[in-house]
Amino acid sequence: MVQKVVQEVAVVVTRAANLVFPKLSAKGKQPFFKVCLQLLIIVNCYAFASLASAAILAPDTVDVVYHNYDGGGMDINGPFILVRKSIGTDFSVNGHYYVDSVSAASIDVLATASEYKEERTEYAVGVDYLHDKTIVSAGFTNSTENDFEANSGFLSISQSFFGDLSTLSLGYVKGQDDVGKINNDFSEDAERDIYKIGLSQILTKNSLLDFNLEMITDKGYLNNPYRSYRFLLDSSNPSAGFGNATEVYPETRTSYAIAMRALYYLPYRAALKAEYRYFNDSWGISAHTYELAYVHPLSTRWTIEGRYRYYSQTQADFYKDLFPFQDAEKYMGRDKELSTFSDFTVGGGITYEFGQGVIPHIDKVKFTALVDYMKFAYDNFRDVTKPSVTPGEEPLYGFDAWVTRLSFTFEY
Amino acid sequence: MKTASVRHINAVFYRLFAFVILLSGLSACSDIKPWVKPYERSNLSDPIMNIDRHGAAGSYIHHVYQARESARGAEGGSGGGCGCN
Numbered sequence: 487m488v489q490k491v492v493q494e495v496a497v498v499v500t501r502a503a504n505l506v507f508p509k510l511s512a513k514g515k516q517p518f519f520k521v522c523l524q525l526l527i528i529v530n531c532y533a534f535a536s537l538a539s540a541a542i543l544a545p546d547t548v549d550v551v552y553h554n555y556d557g558g559g560m561d562i563n564g565p566f567i568l569v570r571k572s573i574g575t576d577f578s579v580n581g582h583y584y585v586d587s588v589s590a591a592s593i594d595v596l597a598t599a600s601e602y603k604e605e606r607t608e609y610a611v612g613v614d615y616l617h618d619k620t621i622v623s624a625g626f627t628n629s630t631e632n633d634f635e636a637n638s639g640f641l642s643i644s645q646s647f648f649g650d651l652s653t654l655s656l657g658y659v660k661g662q663d664d665v666g667k668i669n670n671d672f673s674e675d676a677e678r679d680i681y682k683i684g685l686s687q688i689l690t691k692n693s694l695l696d697f698n699l700e701m702i703t704d705k706g707y708l709n710n711p712y713r714s715y716r717f718l719l720d721s722s723n724p725s726a727g728f729g730n731a732t733e734v735y736p737e738t739r740t741s742y743a744i745a746m747r748a749l750y751y752l753p754y755r756a757a758l759k760a761e762y763r764y765f766n767d768s769w770g771i772s773a774h775t776y777e778l779a780y781v782h783p784l785s786t787r788w789t790i791e792g793r794y795r796y797y798s799q800t801q802a803d804f805y806k807d808l809f810p811f812q813d814a815e816k817y818m819g820r821d822k823e824l825s826t827f828s829d830f831t832v833g834g835g836i837t838y839e840f841g842q843g844v845i846p847h848i849d850k851v852k853f854t855a856l857v858d859y860m861k862f863a864y865d866n867f868r869d870v871t872k873p874s875v876t877p878g879e880e881p882l883y884g885f886d887a888w889v890t891r892l893s894f895t896f897e898y
Numbered sequence: 162m163k164t165a166s167v168r169h170i171n172a173v174f175y176r177l178f179a180f181v182i183l184l185s186g187l188s189a190c191s192d193i194k195p196w197v198k199p200y201e202r203s204n205l206s207d208p209i210m211n212i213d214r215h216g217a218a219g220s221y222i223h224h225v226y227q228a229r230e231s232a233r234g235a236e237g238g239s240g241g242g243c244g245c246n
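Protein sequence lines, in the order shown, are assigned to chains A and B.
The numbering of the first sequence is the numbering used here, which starts it at 487 and goes up by one.
The numbering of the second sequence is the numbering used here, which starts it at 162 and goes up by one.
Among the clues, some could well be false.
[What the hints assert, rightly or not] Below, in silico cross-link-like pairs of lysine to aspartate or glutamate (EDC-like), each with a Cα-Cα straight-line distance of 16 angstroms or less:
1. K861/A x E230/B
2. K194/B x D650/A
3. K759/A x D213/B
Keep in mind the hints are simulated off the structure, nothing from the lab.
For reference, chain A alone in the conformation it holds in the complex (with noise of 0.2 angstroms):
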């Protein structure tokens, strides 16, 4: 897996500079193109290593977090474990377990299955690379359902510059989902590869802006196989009913994400965080998200926080409520995270922690508890377990959740 994220990295380089030197590569002017290539690669790997400045590998640490969501009809919890450690002084290895434990009795099962429990389980490595200060990660991850299997790779490079003030970072993942159905002998396959460009820029002794920009791309069957769309049983007489089909889905995605968000150092010890990010995908789908969160320490030991986040997208082009007939057209979807809907967080947490002394060997403890409140409002998905005399009639969808998060930090 390392070895093809190593290659499609390289292929991804090469098709870019291609894209920056277009007369070149058409002019057939390849081995020249090629030198320049390897020189930009060269510059580029003496460039990190001679401006490497205060790059340092994450602490040694243990990470037990006991999560819960709770909302429209889903009952989500489990633990998540990660731990960290340093191998001398240019390793740092890592790993986590994580467990879903789903309780679902949601809309969409409500509507055409019934209530099941499932448990999916997440297991990952990785390792952090300190050359010349410069980070250079690499990792794998294994997600596991009954019905589902996902495996992923990942390589990123992380460097810092102009005396500190900015840190570049690039990373590339490839992901393969395999997707079945319980008591069933169905299979499909889809392909994932993400591109990663991230940059922290340090504006003044109070500021700082960070920056991230990245795409992904899917190949292969994208559907969820228990959802279906439904369709009028007679498009002339909408009160005759309606009826269900399994969705149809394109067989590739393609999306954008850009994100900006800014940290600010308030007069009094305070911090102040204001975040963006547009959305954009193949399927027509355009979204933005904004967060506004505010860190307040009360003392050496207790910190409070808040923070409110506002999410907006319009439906995918092949979205409907309500189709006119069954297989009325091409792609057909009815999932409602592809309707027009917004949704909005309100969240507050506190956290508290002590130093070295207090337990051997331990040079640092923290405990945090955080509650956020979400509320998602559907523009074009009705809730079809409400009665109603005609199809397309029922009120709109909408419900709510709470998700608690209980984390214990040992720094090491």
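Given the coordinates of chain A, assemble chain B onto it according to the supplied hints.
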């Protein structure tokens, strides 16, 4: 599908990707002095100014949003993505 516009965005993305790589290399040749000196960065190094201060708990909330919203990516931080359907 908006194939033409996606192709255009693809081209812009790859050019930007290459531009960032070029910029990072060329920066070696320039002589820009850091305008915020290391001894002036005590506020910036305060843990409350850490953009990813909640670690695993922070990455969990990205997973919550990825499962319920169509937007994905550019959440900041590194890692291998959601791995969920």
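Each hint, compared with the structure:
| no. | hint | verdict |
| --- | --- | --- |
| 1 | K861/A x E230/B | holds, 12 angstroms |
| 2 | K194/B x D650/A | holds, 10 angstroms |
| 3 | K759/A x D213/B | holds, 11 angstroms |
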